[in-house]
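Trainee: Sequence:
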Amino acid sequence: FWLKFLSKLWCSFHVATLAPTSCSKCMMLPSFVMHLAVLPSRCPLDRSSAYNAVSSAGRVSGMVACLASARSAAHKTSLLGHFGLLFKVLALKLLPQRLTRRRPRSRSTVLEFRRDVGTVGLGVVQLSEDTLAGLRAIAAGMLSGGVGGSKTSHSFRSTGGLNGAFPSTMSWHWATDPQSLELFQPAAHQVMESLGADFELVAASFVVADGGCRSEEAKFHLDFGPPSIPQRVAATALAPLYPREFPKKSGNLEYKPWDDKGSVAVHLYRAGEAAVFDGKLSHRTQPFAKEAFEPRSSSGETSPLGGLRVLVSLSFARIPEGAPWRQGIASVLKGYNAPLPQSLSGASGGAPA
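Numbering-wise (the numbering used here), the sequence shown opens with residue 46 and increments by one.
Hints in this document: simulated from the structure, not taken from any laboratory. One or more hints might be untrue.
[Said to hold, decoys possible] With a Cα cut of at most 20 Å, we get these calculated EDC-like pairs of lysine to aspartate or glutamate:
no., residue 1, residue 2
1, Lys294, Glu262
2, Lys293, Glu336
3, Lys293, Glu318
4, Lys325, Asp255
5, Lys325, Glu299
6, Lys301, Asp243
7, Lys301, Glu261
Start from the sequences and build out the full structure, keeping to the hints where you can.
Mentor: Quick look at the structure:
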């Protein structure tokens, strides 16, 4: 009895007194509810309603709901569960941050994926091999002249290095019409199952590197940088198409996790996985030498993609009517020389900041 009483007392204490932390489920402003310690999966707010709670009144009501959920979770937690929460809190407080911060990986639940994105800025989604094989074939056909010509209704617009954050050896091949964008929808739907149905695919491209990328050529940047675009309204998904296996220390994705300021983490591109990250996450291409992606002499490589580093890039955004960031999203896509989707055709603006 006394052990149970003391554990519940401690749970109530640390819920009320730990330093402010953001709720990664309801995306509210920092509150005195520590969801890591009170079972965040019990947060009663669904993601869409939380995103819409942009007024101060909405945020207050959201925090009240979170607190009510936390108290309810504390009463339902077993004695063993309370001790587990206690040790988790102590570990978070006493161990170095780099040992306790979240490390994104493929998750078994949508809630865990969203916690990764909300806490770190990046999450990992599984893509089916059939979907990736289809995109790989399209990319091979495009680069060999079979897509975008007179024999097909699909077209792509090729652009060189987008800005100073990329080397001249990299090029982007954007889908330029609804028919071409439709080719990317199977992959986009698999991402949106985790990211949220309130997002839509606004642009898609193949990112092709034909040559190396030196460290000074790859600069950290934001995909959706204009100040008018807040966090959690735009995202990018990157998945490797070729080669199927990337080198472990070359050509992957470097990023600066939100929960570990000043550090740089590396997402390793793996077959069947897409890195999905917020438009406000600072990232860059991991430097690599051209030789890192040259086919092995014994492989008998005959694919048009041989010797290239090829990713599929999907751009997502929440762009409801009247959203103040619509023009900012449109300006980013224009700055990338990507065509605007119909949902943004009325928005206008200059180049992205």
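Trainee: Please go over all the hints and tell whether each is borne out by the structure.
Mentor: Now for the hints, and whether the structure bears them out:
1. A C-alpha spacing of about 17 Å is found between Lys294 and Glu262, which places the hinted pair at or below 20 Å, so the restraint holds.
2. Taking the CA atoms of Lys293 and Glu336, the gap is near 14 Å; set against the 20 Å cutoff, the hint holds.
3. For a cut-off of 20 Å, the pair hint linking Lys293 to Glu318 stands: about 15 Å separates their Cα positions.
4. Annotation: proposed proximity of Lys325 to Asp255 is violated, straight-line Cα distance about 27 Å (limit 20 Å).
5. A distance of roughly 14 Å separates the Cα atoms of Lys325 and Glu299; the hinted pair therefore holds under the 20 Å criterion.
6. This hinted pair does not check out: Lys301 and Asp243 have alpha carbons roughly 26 Å apart, beyond 20 Å.
7. Restraint check for Lys301 and Glu261: the C-alpha separation of about 17 Å stays at or below 20 Å, so the hint holds.
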